[in-house]
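**Student:** Next come the chains, spelled out residue by residue.
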Amino acid sequence: MNFEFSEDQVLLKNQIRRALDDHCRSADVRQILESDSPHDSQLWRVLCEMGVQGTAIDDSLGGAGAGYLELCVVAEELGRALAPVPFSSSIFLAVEALKVAANNEQKLALLPGLASGEKIGTLAAWEINGPLQPDTIAMRWEEGVLNGRKILVPDGDVADVAIVIARDDEGLSLFAVDLTDSGVTRETLETIDPSRNFSTLTFNAVAGQRLGDAGDGWNLLEQVLNRAAVLVAFEQIGGAQRALEMATDYAQERYAFGRPIGSFQAVKHMLADMYVDLELARSNCYYGAWALSTDADELPLAAATARVSATQAFQHCSKNNIQTHGGMGFTWEFDCHLFYRRSNLLAVLLGGQSVWKDRLVSQLESSDAA
Amino acid sequence: MNFDDTPQEAEFRSSVRHWIDDNAPKYLLPYLEKASFATMDLGDYNANDESKAWRKKKFDAGWACLSWPQEYGGVGASPIERVIWQQEEGHYAALGGLFTIGEGMCGPTVMSYASEGQKKRYLPKLAAGEEVWCQLFSEPGSGSDLAGLRTKAERDGDDWVINGQKIWTSGAHHSDYGMLITRTDPSVAKHQGLTMFFLSMKSPGVEIRPIKQANGQSGFNEVYFTDVRIPDAQRLGEVGNGWSVSLTTLMNERLSIGGSMPTGFPEMLALVKSLQTGEGLAIKDKAVRDKLADWHCRTSGLKYTSSRMISALSRGETPGPEASIGKLVAGSMMQDMSMVALDLQDLSGILVDPELAELSARFQAMLLRSPATRVEGGTDEILRNIIAERVLGLPGDIRADKGMAFSDIPTGR
Ligand SMILES: Cc1cc2nc3c(=O)[nH]c(=O)nc-3n(C[C@H](O)[C@H](O)[C@H](O)COP(=O)(O)OP(=O)(O)OC[C@H]3O[C@@H](n4cnc5c(N)ncnc54)[C@H](O)[C@@H]3O)c2cc1C
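Order-wise, the sequence lines are chains V and B. The first sequence begins at 1 in full-length UniProt numbering and counts up by one. The second sequence begins at 1 in full-length UniProt numbering and counts up by one.
Check before you lean on any hint, since a few could be wrong.
To be verified - According to the in silico footprint, chain B covers these stretches of chain V (three or more CB under 8 Å from chain B):
no., stretch
1, 1-7
2, 247-253
3, 257-264
4, 268-281
5, 308-322
6, 350-360
Said to hold, decoys possible - Each computed EDC-like pair below joins lysine to aspartate or glutamate, with the alpha-carbon atoms no more than 16 Å apart:
no., chain 1, residue 1, chain 2, residue 2
7, V, K99, V, D216
8, V, K119, V, D160
9, B, K291, V, D358
10, B, K286, V, E365
11, B, K284, V, D358
12, B, K26, B, E89
13, V, K99, V, D58
14, B, K327, V, D273
15, V, K319, V, D273
16, V, K319, V, D335
17, V, K99, V, D295
18, B, K56, B, E89
19, B, K57, B, E130
20, B, K327, B, E381
21, V, K99, V, D59
22, B, K34, B, E355
23, B, K303, V, E4
24, V, K119, V, D178
25, B, K56, B, E131
26, B, K273, B, D285
27, B, K26, B, D44
28, B, K120, B, E131
29, B, K291, V, E365
30, B, K26, B, E88
31, B, K286, V, D358
32, B, K303, B, E322
33, B, K273, V, D358
34, B, K284, V, E365
35, B, K273, V, E365
36, B, K34, B, E358
Everything labelled a hint here was simulated from the structure, so no lab data went into it. Glycine included, each C-beta is placed from N, C-alpha and C at the ideal position.
Here chain V stands alone, though its shape is the one from the complex:
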């Protein structure tokens, strides 16, 4: 058994961390948080130059031809640095949707642009406030064009391409849509984490092309979400790890009653519990990475498990990081709130926890695995 990342993968991790240390400091994240810029285009270009976007895309399609384990390593570092770039939208969602659903011709047309980072992709699924269900999707596909409205589209202001789920008489299907079409209107949304962009897209007779079989859209979307869940879970444990480190450092340096606050058991035990949740989540993420990289039958269970435990670990670490910092933790100036915001954004990014828990238990119901 070898249940850890290889030396090369660790080297990659270090390389990404160094690049992010230089180009994605907290000041850079705050720049996006506090301005109207939807993302950090300079950082995006740095990642392009390093070829990071194409990590898990075939070299025949313009990628680096490495695998999902490498992509997981990248995701963890992006999460740790709170990178304000459309990476998850473009790579975890749009690219994965194309890999799952597109035919060869469509892949050849769309993947190279996303692989190089020249083009940015996203997924447009939600139409109403509340959980995504087949019957919440009203967007119509008729006579070769889409009409309707998608809300809460991640990086909707900067994306060039969207994967859209919409219906016609045959049911739900996925479509690839060029967002530069003049029938697309974009409207920025304000969210709990302005370091990431969300917007509403309105389609007025916008052309698109169907991905996969007509009527298979929901099934394909579930596959995409499972794959994205593993990758986002790595982003989450990256953020959780950093929040735990911040809290641990502060607990050593801050004194109260003549001693470091980290010598109070209430604080020590709080930090120990954060560590435990993070370790469990990390192990579940590794399992998810294994399932994703081997396309294992257990992927739906592994993905939901990684997703639920990484969500909990990041929320747990980010909220108690604030608690450890006391009043300082509630200032705009300290970075604690950046992690708190991001953890709560990622917690619902691919659908909320109760939805993922339900998916997890459905997998347990249908298998004998425990």
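Given the coordinates of chain V, work out where chain B with the ligand should sit on it, guided by the hints.
**Tutor:** Same frame as chain V, but now just chain B with the ligand:
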């Protein structure tokens, strides 16, 4: 990243599997399958006799104490081979409970500190299960604060004379030998005046009194020492160095990973998949699903944490204090789960008769046993301290007894 055996490991696994298949006491399997949560009931078979017989059989075939050197009764197998053995032994591992403390803690300490002659005399018999060992550490006044112990050892010629009391000694009533930590000098700071010995549990002046546990069973004991004589040759380590000797023992406890900690989750899943509540199967209930998902995540997290540790082992690394999380997570999870399981059974949740209660009353046994998991071998609070201090590097607790001579330290209950 993969879960595959190397060709060498696969070969080892297959030979283990064949041997177990040909030799295991299959007639006990129906009992052993139900033997979770410290309730090993072998019906008309005698548990100690069966445990010893299986152990002896393994020893004769070269499968006992796998990682010990050959000259002391082991086979010098690699840590990863030991893990493979544990995985393959499956339900029969329940027959090993009698020997866990001997193999996992006493044996390694004897190996580090006893004379060559003693190692040759005691270790093979321990490995063969012919002699059972126990650990005489905790006292009425010192559990978590082990170094506060007061059982006295005084030098008398070539012997030491022991007076005092130990408590919570698991298996003392079945044991032939014990590892005993004593105070030899109360005038120095508490960690400095300790000395370790081993002794025959049949020595004159040793009195063993079983304690009836909260769950009605009697696995642990009080052990009284009245003028018990131990030859100086049975001292382990230097006089006054007992604390660091005890750390060897406690560290080895952590190494016994691999056969990952039972959590009771498979039983829970089986229960909610079969139990009818007023509104259909329990697993269809939203509140049940919510909790089930949490417990699955923790169980799965522990399973793959153990896979990560096994990977580290196979690279020759030693697991550190991070191994403490298994018991910390599993203990309170078992307790929570058993309470929910009883609740789902409604009033019939109070039944302990295996014929009448759901799943042969496994959850009732788990309810009554799980408090001990959160105490034995380091309480939840001590484990959190270990994680905070040794993994995260936070400062140690401030000690009221720091630098004091042991005899000046205040005591309470
Ligand atoms: C089933 C079972 C089997 C056992 N088998 C053996 C055996 O074979 N050999 C042996 O030597 N011992 C054995 N023990 C004893 C066990 O190691 C001790 O019970 C354990 O270490 C706790 O010590 P204590 O009972 O004295 O509790 P105490 O140390 O008195 O603890 C009481 C409470 O105070 C808390 N506490 C204590 N110190 C601190 C601190 N510094 N910070 C925060 N909280 C603290 C504890 O967490 C606990 O909640 C066994 C115990 C059990 C339950």
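**Student:** It remains to establish, for every hint, whether it holds in the given structure.
**Tutor:** Quick rundown of the hints versus the structure:
{"no.": "1", "hint": "1-7", "verdict": "holds (count 6)"}
{"no.": "2", "hint": "247-253", "verdict": "holds (count 3)"}
{"no.": "3", "hint": "257-264", "verdict": "holds (count 4)"}
{"no.": "4", "hint": "268-281", "verdict": "holds (count 10)"}
{"no.": "5", "hint": "308-322", "verdict": "holds (count 3)"}
{"no.": "6", "hint": "350-360", "verdict": "holds (count 5)"}
{"no.": "7", "hint": "V/K99 / V/D216", "verdict": "15 Å, holds"}
{"no.": "8", "hint": "V/K119 / V/D160", "verdict": "6 Å, holds"}
{"no.": "9", "hint": "B/K291 / V/D358", "verdict": "11 Å, holds"}
{"no.": "10", "hint": "B/K286 / V/E365", "verdict": "13 Å, holds"}
{"no.": "11", "hint": "B/K284 / V/D358", "verdict": "10 Å, holds"}
{"no.": "12", "hint": "B/K26 / B/E89", "verdict": "12 Å, holds"}
{"no.": "13", "hint": "V/K99 / V/D58", "verdict": "10 Å, holds"}
{"no.": "14", "hint": "B/K327 / V/D273", "verdict": "13 Å, holds"}
{"no.": "15", "hint": "V/K319 / V/D273", "verdict": "13 Å, holds"}
{"no.": "16", "hint": "V/K319 / V/D335", "verdict": "12 Å, holds"}
{"no.": "17", "hint": "V/K99 / V/D295", "verdict": "13 Å, holds"}
{"no.": "18", "hint": "B/K56 / B/E89", "verdict": "15 Å, holds"}
{"no.": "19", "hint": "B/K57 / B/E130", "verdict": "11 Å, holds"}
{"no.": "20", "hint": "B/K327 / B/E381", "verdict": "12 Å, holds"}
{"no.": "21", "hint": "V/K99 / V/D59", "verdict": "14 Å, holds"}
{"no.": "22", "hint": "B/K34 / B/E355", "verdict": "13 Å, holds"}
{"no.": "23", "hint": "B/K303 / V/E4", "verdict": "14 Å, holds"}
{"no.": "24", "hint": "V/K119 / V/D178", "verdict": "11 Å, holds"}
{"no.": "25", "hint": "B/K56 / B/E131", "verdict": "11 Å, holds"}
{"no.": "26", "hint": "B/K273 / B/D285", "verdict": "11 Å, holds"}
{"no.": "27", "hint": "B/K26 / B/D44", "verdict": "15 Å, holds"}
{"no.": "28", "hint": "B/K120 / B/E131", "verdict": "13 Å, holds"}
{"no.": "29", "hint": "B/K291 / V/E365", "verdict": "14 Å, holds"}
{"no.": "30", "hint": "B/K26 / B/E88", "verdict": "14 Å, holds"}
{"no.": "31", "hint": "B/K286 / V/D358", "verdict": "8 Å, holds"}
{"no.": "32", "hint": "B/K303 / B/E322", "verdict": "14 Å, holds"}
{"no.": "33", "hint": "B/K273 / V/D358", "verdict": "15 Å, holds"}
{"no.": "34", "hint": "B/K284 / V/E365", "verdict": "9 Å, holds"}
{"no.": "35", "hint": "B/K273 / V/E365", "verdict": "7 Å, holds"}
{"no.": "36", "hint": "B/K34 / B/E358", "verdict": "13 Å, holds"}
When held up to the earlier numbered hints, the structure conflicts with none and fits them all.
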